[in-house]
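A.B. asks: Could you put together the complete structure from these sequences and hints?
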Amino acid sequence: MSAGEIARDVRAGVRSARDVVEEHLAAIAGREDELHAFNLVLVDEARATADEVDRRVAAGEDPGPLAGVPVALKDNLCTRGVPTTCSSRMLEGWRPPYDATVVTRLSRAGAVIVGKTNMDEFAMGSSTENSAFGPTRNPHDPSRVPGGSSGGSAAAVAAGFAALALGSDTGGSIRQPAALCGVVGVKPTYGLVSRYGVVAFASSLDQIGPLAANVADAALALEVIAGHDRADSTSIPRPAPALSDVLLDGVDGLRVGVVRELVDAVDPDVGRRLAEAAGALEAAGAKVDEVHLATASLGLSAYYLLATAEASSNLARYDGVRYGLRVDGDDITAMYGATRAAGFGAEVKRRIMLGTYALSAGYYDAYYGQAQRVRTLLIRDMEAAYASYDLLLAPTTPTTAFELGAKTADPLTMYLSDVCTIPSNLAGHPAMSVPYGVGDDGLPIGVQLLAPALGEATMFRAAAALEASLA
Amino acid sequence: MALISRDDVAHVARLARLDLTEAELDQFAGQLAAVLEHAADVAALDTAGVPPTAHPFELVNVLRDDVAGPCLDRDEVLAMAPAAEDGRFRVPRILGEAP
Amino acid sequence: MTEWEMVVGLEVHCELATATKLFCACPNAFGDEPNTNVCPVCLGLPGSLPVLNRHAVELAMRVGLALHCSVEPSIFHRKNYFYPDMPKDYQISQYDEPLNVGGRLDLPDGTRVGVTRAHLEEDTGKTTHVGGGGGRIHGADHSLVDYNRAGVPLVEIVSEPDIRSAEQAKAYVNELRAILVAIGASDARMEEGSLRIDANVSMRRAGAEVYGTRAEIKNLNSVRSLGRALEYEVRRQVGRLEAGEAVVQETRHWNEDEGRTSSMRSKEEAYDYRYFPEPDLVALAPSAEWLAGVRAVLPVLPSERRVDLARVAGVAETDAAVAAVVQQGLDGLVTAAVGAGADGRLALNRAANELAHATPPDAGAFAKVLRMEADGRLTATQAKGVLAELVSAGGDPEAIAAAKGFEALEGDVVAGAVDAAIAAHPGEWERYAGGEAKLAGFFVGKVMAATAGKADGKAVTALLRERLAGR
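Residue numbers (the working numbering), protein chains in the order written: chain A, 657 to 1127; chain B, 908 to 1006; chain C, 26 to 496.
The hints are simulated quantities; they were obtained by calculation from the structure and are not laboratory data. Glycine included, C-beta positions come from ideal geometry on N, C-alpha and C. Each hint should be verified, as a subset may be incorrect.
Derived DEER-like restraints, expressed as beta-carbon distance ranges [stated by the list, open to error]:
no.: 1; chain 1: C; residue 1: Gly-164; chain 2: B; residue 2: Ala-951; range: 49 to 55 angstroms
no.: 2; chain 1: A; residue 1: Glu-748; chain 2: B; residue 2: Ala-930; range: 48 to 54 angstroms
no.: 3; chain 1: A; residue 1: Ala-998; chain 2: B; residue 2: Ala-951; range: 34 to 40 angstroms
no.: 4; chain 1: C; residue 1: Ala-44; chain 2: A; residue 2: Arg-751; range: 26 to 32 angstroms
no.: 5; chain 1: A; residue 1: Glu-748; chain 2: B; residue 2: Asp-914; range: 48 to 54 angstroms
no.: 6; chain 1: C; residue 1: Ala-231; chain 2: B; residue 2: Gly-956; range: 44 to 50 angstroms
no.: 7; chain 1: A; residue 1: Asp-986; chain 2: C; residue 2: Ala-233; range: 27 to 33 angstroms
Rough simulated footprint, nothing fancy, chain C against chain A, three-plus residues with beta-carbon under 8 angstroms [claimed, not checked]:
no.: 8; stretch: 752 to 760
no.: 9; stretch: 1016 to 1028
Among the chain A residues that face chain C by a calculated CB cut under 8 angstroms, a handful are [stated by the list, open to error]:
no.: 10; residue: Ala-788
no.: 11; residue: Phe-789
no.: 12; residue: Ser-900
no.: 13; residue: Val-902
no.: 14; residue: Thr-1012
C.D. replies: Here you go:
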């Protein structure tokens, strides 16, 4: 049952929110031990929220557009009084004294938070294997990764643990696991969704977005969480876009460019699905053509310099003084070093090291400064493409879900798999992954729609068209 | 070309306040060198005249009014702390003045 | 060998008089219970984000305008270093694109000191050192941190190295404080730490073009400390230079009790702040309208008031009494008194010396006292007595003088006393007549004794000269 149907029925008093929650809790009880999508399942809290939703419906009130919809939250979204770990030893047991803006908005819309999902530690990774609490497994094949870093959120939706989930996307961390788990994942325009209360990885790239079983649910969720927030200085001062209303508008006359360089970067079966998707859009009336994005691979290198540099600063605060882990030392410097050595996993340390190096004296200009200029070049490249096209079409990932452990030994290989998703983060543009069939191994494949800043409505129209073409 | 030496790695680890083991120093030296080698295309690019982008979306003058709001409860704040004393956060001895 | 010349530049940190902190809505208050004015933002909790305080920006603009700076588009950077008083382990500050650049400050003695920049940044928390070291950092067992001050808005005002003496340095700080208070930017209380000074000091041979190697002196908690520290540092640096040793570029800590500076860098590392643009904040771009609005609320500045007062009183702008009267805020009183017929010079002197730290008297009464003195109806001593009474109890000057028995003596009574004194001391009179001018004081004393202090000293001196001329 979709989120839209749940909300419609609960608001109408046709189904109780409590029944909906119990169904999802039962699904969790059935497979969570195998998949480990959650760091924490909020059984009692979810039941209490659902009962409150039902009480309001009974009292003639409208609990909101997500009434009774079970939602899973990535564990880097602050939840008041509820542990928020970022899948790190560093924050194990930490209970934020406040809610993230998106959490507040979900609650006000009547959503029922069912748990905090597993992730790569501090959102650094593409497989959810970098969790201090063990990996999440792909519901389609538990020997495979769910992708990452929002792997727990993608798995939760794919396994029916929640109707919706929120993730964060810094370099593809919503879209890539959505593709590998066969669900819809949206990275909105930078600034469309508030980052307040989202534990930062790379502040100029991070965006929050929904993962959902279908395009309409993703639209519904984004409408709830988007819109200006005064607590985030980078929030765009505009109301949330209307998306649900445009889903049936079709793609007739839309100009769609298929990004040649990204098609060349993927496995043949992924490429075939992409070609089918392009054909489907064309059949629905879009004008599909090939477009070049020459700076895409440069963007990958720039991304890993910029994101790690910002991360090295964002993660400095985990120092054992105010909250979280402390490992005692004889003096404060010893305490800092021991705490951070014990609290962070290998991938986080590696990225802090890379980012610190990229910012350090003597290297700033060559690495961080250059990466910022490459960012400019990439943005120009994409804006040039959008002069001729309304949307770009690209693969989301180079491959289907890979085996656990396949890439952990070689960080660079893992990084390179983000090449298709990174351009939208660098540009601050919206992009989304839509499931489009399966690969030779029978595992899900996603195709990616990219739009210019605030082009969500057009992007969702095309996503709905792609989804319809599979029906 | 050795882009980053083991000494560089040790220096960066000190800057980042990460106590790394000898094995980690060796491992990171190799892995960071590989990533930096891949980033050599960025470092080598002629970007004369290209301005840097720090923000994807250009906003200016985002300001709030100077009006006080609620603070956190001190007990709640100090309950988060690994160590507290006398209403304050307790830390091990500090070796030098703030820079 | 030529003389050594001291070269000083000052960095003044000034807490702005806002109601709330720079990036959050916590109160900006001094002396509250520790860790009560804190929130997720100023504690650096994961997920929190800064939002800039408009009033802090406008106060910083006032500082810039008052110091004749150009107010420029600016951005914030992160200054990264680990220290427990900094909740995020980076300080949000302005680096290479500060708000105010290229100003000046004119000292009362006419010296012009360039102002390089005046930028916005956040303050740190406060550490208390416990056990062993008697409250000092060295030898302490552990330390305690209070974050009430963390995030309080600061303006850092950096001068050019245009200061050449300890006196000038003190005058610079006093003048700057007067400006900051006058424009409402700060209470500028050094004893509460709302104004803090670092001094960059170097020595060179007089006439040399190049600067010597400088030391930065920290922990200067009063204007007096600044003067003492500079004098100490001159001796230390000249001592080294004359012994053929180099001055080391370093930061030194002023110890008020020991009256000396000592090196404070831990030797293990040079700081590498890894500055980069703060991605959580957007740029400041002051429009002409915004600047005009800020300029409109600026009061008349001390230097402008000195010019006005000097013109009214008919003395030089650099006159010490002019500076003192403006500093004490008595320029309005003096101007009114002059308008009511008082002598400018006399009004300045009496205001500067007799009314300091007093509640100013009514301008009409003040003018009346000055007129009585100028007319010879009160001696200088009597006029001061009347002023003291006027300040403490108020009343009419004529009545006060009468009550105190301060009627000026008839001229012939004074002349009689002068003649009597000459007659009684022929030897002294001969010596006075022979050129021993200081004996005038002897005769004035005798006349004063004979008239119970009611004679006017100036009138007595004039009579003595008359008698001398008439010999």
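A.B. asks: Checked against the structure, which of the hints given earlier come out wrong?
C.D. replies: The structure breaks hints 2, 5, 7, 10, 11, 12, 13; every other hint is satisfied.
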